[in-house]
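Undergrad: Sequence:
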Amino acid sequence: MRTKIRISALLLLAFMTELSSQTVIPSWFKELPDAPAGVMYAVGYCGKYQNMNSAKRKAIDVALNTLAKQKSIHLKFYIEEINDGRMSLINPIFQLIYEEDILKEIRNDYSIVDSSITTDGYFVLIASPKTKKNVTSDDVNWGPPPDWIQNTPESKKWRYGVGIAARYSNWTKAWRDTDEYARFDVGKNTSINTESITVIRRTDRTASDSKIMRQYYDMYFKDSIIVERYYNAQTNSYYSLCRVPK
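Going by this note's numbering, the sequence shown opens with residue 1, and the numbers climb by one from there.
It is possible that part of the hints are untrue.
[Said to hold, decoys possible] Derived lysine to aspartate or glutamate pairs resembling EDC-like cross-links, with alpha carbons at most 20 Å apart:
(1) LYS222 with GLU100
(2) LYS56 with ASP120
(3) LYS246 with ASP218
(4) LYS76 with ASP185
(5) LYS30 with ASP223
(6) LYS156 with ASP61
(7) LYS104 with ASP61
(8) LYS188 with ASP218
(9) LYS188 with ASP223
(10) LYS130 with ASP61
(11) LYS30 with ASP218
(12) LYS246 with GLU154
(13) LYS30 with ASP120
(14) LYS133 with ASP114
By construction, these hints were calculated from the structure, which means they are not laboratory data.
Modelling step: build the complete structure from the supplied sequences, incorporating the hints.
TA: So this is what it looks like as structure tokens:
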């Protein structure tokens, strides 16, 4: 019997406490390179560390879990907004499910194709299935904001979603959440159900109404890949661009 791993996109635990600043990153963390046919890349990371071996294990573990999500995920999204003179979010559900069996397969068949040590932490790029191809990269800064932050790309081949997070004190948790939000945004851009309900509250002398808006979906995706990331240091804002085949 297959078991599943469940993650709440709103309640993710951090591996450790890290600084939020990131000035230099490997180029493949900013923009994922194209992988050879039949191979999939994923990045992993760990913040400030004292033990190199421990940092490497943490970064690889992040990359392995990311690869499992890329291969196949089940997304459940549900929110209610009530408008009673103010907008309030109630009963939110952001649930991401991926297969433990897929994660086990990846653990048995992957290779490290590049790694980088910066002042902020340890980064690793892995490939699955194993490949002899290595990726060379330069450490780069973030540069100017890319267009996709304001304008979600459109393509006949791909569907995109953008994840946004801000004001985190822990940059590894920020990226983990931002990547998940990007996947949920792909779901919203694919298909979403919307309902509107009017609720009337009556008292002896008055009556008032509120409108409840519901949005929800329940979907499966394969090949959901975070292809680009961007960090705005001035606003401490994180952005991830996710892509899935149409």
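Undergrad: Run the structure past the numbered hints and jot down the numbers of the failing ones, going up.
TA: 6 and 11
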